[in-house]
Amino acid sequence: QIKGSYLTYKQLSSCAPKISVNDSSSPSALYLPCGLAPLSFFNDTYHFTDLELSAKFTEEGISLVQERKKIYKPISPQYKEGIRWLEDITPKGTTDEHFIVWMRTAAMPNFIKVFSICHDCVINEGVYEVQVQLNYPQSMYDGGRSLIITTTSALGSRSYFISVTYISIGGL
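Per the numbering used here, the very first residue in the sequence shown carries number 1; after that it's consecutive.
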């Protein structure tokens, strides 16, 4: 579905156990898109209250170009009915960059997802206020939320341990 293909209920076995409402094979009960990962889409929002600082950050370009161009397509127009729940959250649906970033599977139970980026930013030392809109129900998971402001490089975050470890083990 996220590749823009039309799939019937029987073809959506990889979405189990969340293919449709009450496992109904009715096209009107299909989740568009289906599956546990899409249906758990984390949709909180964060904004600096300092307008000058907030203007420096963008949510465009947080996903990989290859993902945006080759993998994530709008839901097929062949779906005449079904539950288009994601379009209620974001008008971009499956092409929303936050959704694309969310769909990258994390290897560990504690993970970080990119929310926005700031190219060539300088954030001076100080106290900043962030407005957080909690849209994701806490009852769906047994965890917490954190906001991390960090810098990255071609190898990832400032901590190169994981990057160097992956490259070393891959080389071996």
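Keep in mind that the hints were calculated from the coordinates and are not lab data.
Because the structure is a prediction, the values reported are computed rather than measured.
We treat Cβ as the ideally placed atom computed from N, Cα and C, and that holds for glycine.
Treat the hints with care, since some could be wrong.
To be verified - With a straight-line cut-off of 25 Å between C-alpha atoms, the simulated DSS-like cross-links for lysine-lysine are:
hint: 1; residue 1: 3; residue 2: 92
hint: 2; residue 1: 80; residue 2: 113
hint: 3; residue 1: 56; residue 2: 18
hint: 4; residue 1: 113; residue 2: 3
Unchecked claim - Restraint ranges, calculated between C-beta atoms of paired labels, are given here:
hint: 5; residue 1: 80; residue 2: 13; range: 33 to 39 Å
hint: 6; residue 1: 71; residue 2: 117; range: 17 to 23 Å
hint: 7; residue 1: 148; residue 2: 55; range: 19 to 25 Å
hint: 8; residue 1: 171; residue 2: 130; range: 39 to 45 Å
hint: 9; residue 1: 45; residue 2: 106; range: 16 to 22 Å
hint: 10; residue 1: 11; residue 2: 147; range: 36 to 42 Å
hint: 11; residue 1: 42; residue 2: 170; range: 25 to 31 Å
hint: 12; residue 1: 3; residue 2: 60; range: 17 to 23 Å
hint: 13; residue 1: 107; residue 2: 13; range: 20 to 26 Å
hint: 14; residue 1: 11; residue 2: 51; range: 45 to 51 Å
hint: 15; residue 1: 23; residue 2: 147; range: 34 to 40 Å
hint: 16; residue 1: 42; residue 2: 71; range: 15 to 21 Å
Hint-by-hint comparison with the structure:
1. 3 / 92: 14 Å, holds
2. 80 / 113: Violated, because 33 Å separates the two Cα atoms, which is more than 25 Å.
3. 56 / 18: Distance of about 38 Å is beyond 25 Å: violated.
4. 113 / 3: 22 Å, holds
5. 80 / 13: 33 to 39 Å: 22 Å, violated
6. 71 / 117: 17 to 23 Å: 20 Å, holds
7. 148 / 55: 19 to 25 Å: 21 Å, holds
8. 171 / 130: 39 to 45 Å: Holds, at about 40 Å.
9. 45 / 106: 16 to 22 Å: 20 Å, holds
10. 11 / 147: 36 to 42 Å: Since the Cβ atoms of residue 11 and residue 147 sit about 39 Å apart, the hinted range of 36 to 42 Å holds.
11. 42 / 170: 25 to 31 Å: 30 Å, holds
12. 3 / 60: 17 to 23 Å: 22 Å, holds
13. 107 / 13: 20 to 26 Å: 24 Å, holds
14. 11 / 51: 45 to 51 Å: 48 Å, holds
15. 23 / 147: 34 to 40 Å: At roughly 38 Å between Cβ atoms, residue 147 and residue 23 fall inside 34 to 40 Å, so the hint holds.
16. 42 / 71: 15 to 21 Å: Cβ of residue 42 to Cβ of residue 71: about 19 Å, so the range 15 to 21 Å holds.
Checked against the numbered hints listed earlier, the structure breaks hints 2, 3, 5; every other hint is satisfied.
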